[in-house]
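Novice: Here is how the chains run, residue by residue.
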Amino acid sequence: MSIPEGPRANLPQRRSLSRRVTSWFNAHPRATLRTLLAGPLGWIGLVYLGSLLVLLLHAFWAKDSFTGKVEPFNWTLDAFIQIASNPVYSTIALRTIGIALLVTITDVLLALPIAYYMARIASPRKRGLLLVAVTMPLWASYLVKVYAWRTILQGNGFLGWALAPFGIEGPGLSEITNAWIVLSYLWLPYMILPIYAGLERIPNSLLEASADLGGRAGMTFRRVIFPQLIPALAAGSIFTFSLSLGDYIVPDLVADAKFIGNVIYDNSALGNFPVAAAFSILPVVVMIGYLLVTRRLGAFDSL
Amino acid sequence: MKRAKGFALMAGLALLVAACGGSSTSSEPASSEKPAGWLESVGAGEGALNLIIWEGYAERGAVDPAYDWVTGFEAETGCMVNTTSMTDSANGVQLLQSGEYDGGSFSGDASVRLMKAGDVAPVNVGLLANYPNVFGGLKDKAHNSMDGMPYGVPHGRGANVLMWNTAAVTTAPTSWDPVWEGGAAYKGKISVYDSSIYIADAAIHLMATKPELGIKDPYQLNDEQFAAAIALLEVQRDNGAVYWGTAADQITSFASGDLVVGTTWQYQANMLAAEPAIKVDTTLPAEGSTGWSDTWMMATKAAHPNCMYLWMDHMMSAEANAQATVWFGEAPTSEAACEAAEALSPGHCDQFHATDEAYFDKVWYWSTPQADCADDDAATACKDQDAWVEAWTTLRGN
Chain A
2 MSIPEGPRAN LPQRRSLSRR VTSWFNAHPR ATLRTLLAGP LGWIGLVYLG SLLVLLLHAF
62 WAKDSFTGKV EPFNWTLDAF IQIASNPVYS TIALRTIGIA LLVTITDVLL ALPIAYYMAR
122 IASPRKRGLL LVAVTMPLWA SYLVKVYAWR TILQGNGFLG WALAPFGIEG PGLSEITNAW
182 IVLSYLWLPY MILPIYAGLE RIPNSLLEAS ADLGGRAGMT FRRVIFPQLI PALAAGSIFT
242 FSLSLGDYIV PDLVADAKFI GNVIYDNSAL GNFPVAAAFS ILPVVVMIGY LLVTRRLGAF
302 DSL
Chain B
1440 MKRAKGFALM AGLALLVAAC GGSSTSSEPA SSEKPAGWLE SVGAGEGALN LIIWEGYAER
1500 GAVDPAYDWV TGFEAETGCM VNTTSMTDSA NGVQLLQSGE YDGGSFSGDA SVRLMKAGDV
1560 APVNVGLLAN YPNVFGGLKD KAHNSMDGMP YGVPHGRGAN VLMWNTAAVT TAPTSWDPVW
1620 EGGAAYKGKI SVYDSSIYIA DAAIHLMATK PELGIKDPYQ LNDEQFAAAI ALLEVQRDNG
1680 AVYWGTAADQ ITSFASGDLV VGTTWQYQAN MLAAEPAIKV DTTLPAEGST GWSDTWMMAT
1740 KAAHPNCMYL WMDHMMSAEA NAQATVWFGE APTSEAACEA AEALSPGHCD QFHATDEAYF
1800 DKVWYWSTPQ ADCADDDAAT ACKDQDAWVE AWTTLRGN
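Here the protein sequences come in this chain order: A and B.
The numbering used here puts the first sequence at residues 2 to 304.
The numbering used here puts the second sequence at residues 1440 to 1837.
Pulled out of the complex, with its shape left as it was, chain B reads as follows:
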């Protein structure tokens, strides 16, 4: 009985809210021209915030009490943060499209698709006090803006790096060769990311070793270039590559000494630094690498938009951005965050090349393979996302 009353009360409130909303929009015709999900002001938090994140992007001190940028935010805003980790970018897209989330931290191969599909809303950055502090080099990029309008705020950027166990790989590699043609020396001990986007890593290696293929963008490959990349991946598979789906999966394999060389995020290397039994090292090889520049974006249908705006601003604050980027092992997004990061990990911004645009020139940020090669040339045709997924299934399924 009590419950039924509660429902009635809630239904009544909902009607009331709907009625108010209706009247306010009718008195203000200009608002109908605003894009969906646009905020004119940030009100009080709605009490909850549901986020899709990369593992390690919203720590609440559970692993290391010194790294906690969530509980403070919750206490200050009253927005209780719930997170779901995505396994890869496309999984993030699918999660957001389920409509149960307020937003998330998306890489370029997800963010562009979400913007074009209208799943995420343009952000009124004028409401975010920390936005002016962000490095200019991270604003108004193809992966976070559309038609000159920002669709999110930067979280941090980094490269997929080569990691090796120093006991097994005694001379530090400077190229990706140990995971490709040179992999025969590490048969069955090579660690590879289990996602179709990894085909781009093969393409980057081919850009250096087979320039005659004429690969200009590792995410936009024509039939011949794509076939060469797959052939290279088959060599790697037949060298006994072991594929990791989650960061934890790779960490346990390296910690046990089963796998000794492979592609990783700096995050896993940082986690493995705590393992006494083994020692790992990482590098950005000479060919360059794939990488990410992640963006906090708000779902067009967010149920808690105020909390999402508060969170986006929070993640650009010096303290939170420093903690988050040091924890994950990526470059912070502002000078103030770099200063704060200095206290947590001396030399962090130098180590991750936060202001070094030449370094990031070697990094191809994750992007979506498109049938039109993402260019204006009608003569070119490339393998699209579905073709990449199917090729990956074929590679892994046989």
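The shape of chain A in the complex, shown without the other chains:
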């Protein structure tokens, strides 16, 4: 009896390349992890942080005033000097931050009762319907919603028609309050959903304990529910605040006002890229500060 000849005979030598690669990775678990993470981390590093770095660099580069071309590595602080020496830029920054804060507060006040009803009072069937209703506006395009608000707000629009019997004129399209209303509308779902999730997590036993100890509704809300909701509120406010801070279409289309984003857009479009880059550092700094505060409030604890 002889050893049968055939493909099996020299199997170890003819192990396929893919087999060898897999077994090597099996033997080196750390390398496996690094290879798996290389893609996404490389993407974040190169595409995301890289483009932010290029933006940052542009703020410190000179440009040719006639052709509008940026001169890389020709260092200057001209863009920052221009922004610092003209008070209009701080007016615009304060206006934008103020509206973003106002939108956030408005959305908290609107979202709390809605989310509370959904999480604690509504029957499961109603809860499902309400969840669909809250997320439904997200199915429609942002621009469609903004243009719909234009037709509501403009002088001869729906609001003007509805208010006419009371002798009140429509607001027209150059009121700053329009930006507040429309932004509050647009970002409301992003506030309701985190609060809803936060409320759902509070066990019933806590509320019962509060009642047993004589806590009325208001006291229970202030001392039991609200402290546990702070992470959810902080998470929701990151959405409403940062989305409002960066918006430049709503202020242009419904309020005829200039926000930080409009100044960045105008300057980049009109060829003053360093000023656009320098001014765009401001919302980045504001958001970093905001995220540090919300982290202290525990917004990221439940992630």
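Think of the hints as simulated: they come from the structure by calculation, not from any bench.
For each residue, glycine too, the CB sits at the ideal point set by N, CA and C.
Some hints could be false.
Unchecked claim - One side of the interface only, derived from the structure: several residues of chain A facing chain B at Cβ under 8 Å:
#1 A85
#2 V89
#3 Q155
Said to hold, decoys possible - With a straight-line Cα cutoff of 35 Å, these simulated DSBU-like cross-link-like pairs (lysine-lysine) come out:
#4 A:K70 / B:K1555
#5 B:K1649 / B:K1626
#6 A:K70 / B:K1801
#7 A:K146 / A:K127
#8 B:K1740 / A:K70
#9 A:K70 / B:K1578
#10 B:K1555 / B:K1578
#11 B:K1801 / B:K1580
#12 B:K1655 / B:K1578
#13 B:K1578 / B:K1649
#14 B:K1655 / B:K1555
#15 B:K1473 / B:K1578
#16 B:K1801 / B:K1578
#17 B:K1555 / B:K1580
#18 B:K1580 / B:K1649
#19 B:K1801 / B:K1555
#20 B:K1580 / A:K70
#21 B:K1801 / A:K146
#22 A:K70 / B:K1655
#23 B:K1578 / A:K146
#24 A:K70 / B:K1718
Got chain A; can you put chain B on it based on the hints?
Specialist: Only chain B this time, still in chain A's reference frame:
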């Protein structure tokens, strides 16, 4: 796997093309003296064409099937046209500098900057069969040529005009007064172009109302003239001016009756003619106006130069030029185009003064504000483009 093969094949082809290109240039030393982007002949189209346009400059019949000068071009040349609309001239400059476009239709405030920066290539007009038909008055101008070399071909020209809602403004205005000092009568109903170049419109009004300022060119303003223009713009803003960024923005505001008087392109007025609820009229006021003479230019780094040459020639053809200029509401560029336009809109060339040089003498074509006032006098100093942009931000941001 298939994909990887495709890439390899493409890389191989690219190498081959590069090699061929290298050998042909080395055998022909004269070609190195040609300016960048110069074409000696127009070959077959490359299959695609990426253009920066003014809204309405490349219609494919989507709004009105009768106005379609793109699909025919695509079928004939195989060049598939992709367009991006610029919001204003400087936005067009920035788009072209991104390097992703083959060319576009630029007004004087963009074209001069692009020529001087080397972003656009001189055009070998000998290759364009329709070029000899173009009106002489549109050739070899400061906004489309440099050092006697044409850098593009004309598309059409026109003026920024005053538009009003005839129900609200009952006596037809003959001056720009309703948008300036007379604007108090139309508080909150005045429509203004949201771009720093609009400062020139204030300067044109001041040329008529305050001759003592000595404004000679509304785009080249010294400190005193500039301050007067800004003061006038502040009056307008405080009269409740509403600023439009895109043509669509202004059209919806006029269609709803919210705004009743303002500065516009004839294009918006033509669009509003289809609105049953309102009626608008336009005029070129006595002071004159800003305006444009647009030029199709090719990017120096165009990826599809043959398609761009084919497009430039196409846009000078009688049929395409007639359609495009009737659609937008501007003057065609040749006698043949005027004849073709007659079929689409009787009296078009008279209405837009295509051959009326006296009319266009009243129009200041968009141009770039320069620190040296764009003249040879070393003693003069003017506000440059950046100063205009910043002044506009200050005006609008407060």
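Novice: Evaluate each hint against the coordinates.
Specialist: Results of checking the hints against the structure:
no.: 1; hint: A85; verdict: violated (13 Å)
no.: 2; hint: V89; verdict: holds (4 Å)
no.: 3; hint: Q155; verdict: holds (5 Å)
no.: 4; hint: A:K70 / B:K1555; verdict: holds (11 Å)
no.: 5; hint: B:K1649 / B:K1626; verdict: holds (24 Å)
no.: 6; hint: A:K70 / B:K1801; verdict: holds (32 Å)
no.: 7; hint: A:K146 / A:K127; verdict: holds (26 Å)
no.: 8; hint: B:K1740 / A:K70; verdict: holds (16 Å)
no.: 9; hint: A:K70 / B:K1578; verdict: holds (28 Å)
no.: 10; hint: B:K1555 / B:K1578; verdict: holds (18 Å)
no.: 11; hint: B:K1801 / B:K1580; verdict: holds (16 Å)
no.: 12; hint: B:K1655 / B:K1578; verdict: holds (24 Å)
no.: 13; hint: B:K1578 / B:K1649; verdict: holds (34 Å)
no.: 14; hint: B:K1655 / B:K1555; verdict: holds (24 Å)
no.: 15; hint: B:K1473 / B:K1578; verdict: holds (22 Å)
no.: 16; hint: B:K1801 / B:K1578; verdict: holds (19 Å)
no.: 17; hint: B:K1555 / B:K1580; verdict: holds (14 Å)
no.: 18; hint: B:K1580 / B:K1649; verdict: holds (30 Å)
no.: 19; hint: B:K1801 / B:K1555; verdict: holds (27 Å)
no.: 20; hint: B:K1580 / A:K70; verdict: holds (24 Å)
no.: 21; hint: B:K1801 / A:K146; verdict: violated (43 Å)
no.: 22; hint: A:K70 / B:K1655; verdict: holds (28 Å)
no.: 23; hint: B:K1578 / A:K146; verdict: violated (47 Å)
no.: 24; hint: A:K70 / B:K1718; verdict: violated (44 Å)
Of the numbered hints given earlier, the model fails hints 1, 21, 23 and 24; all others are met.
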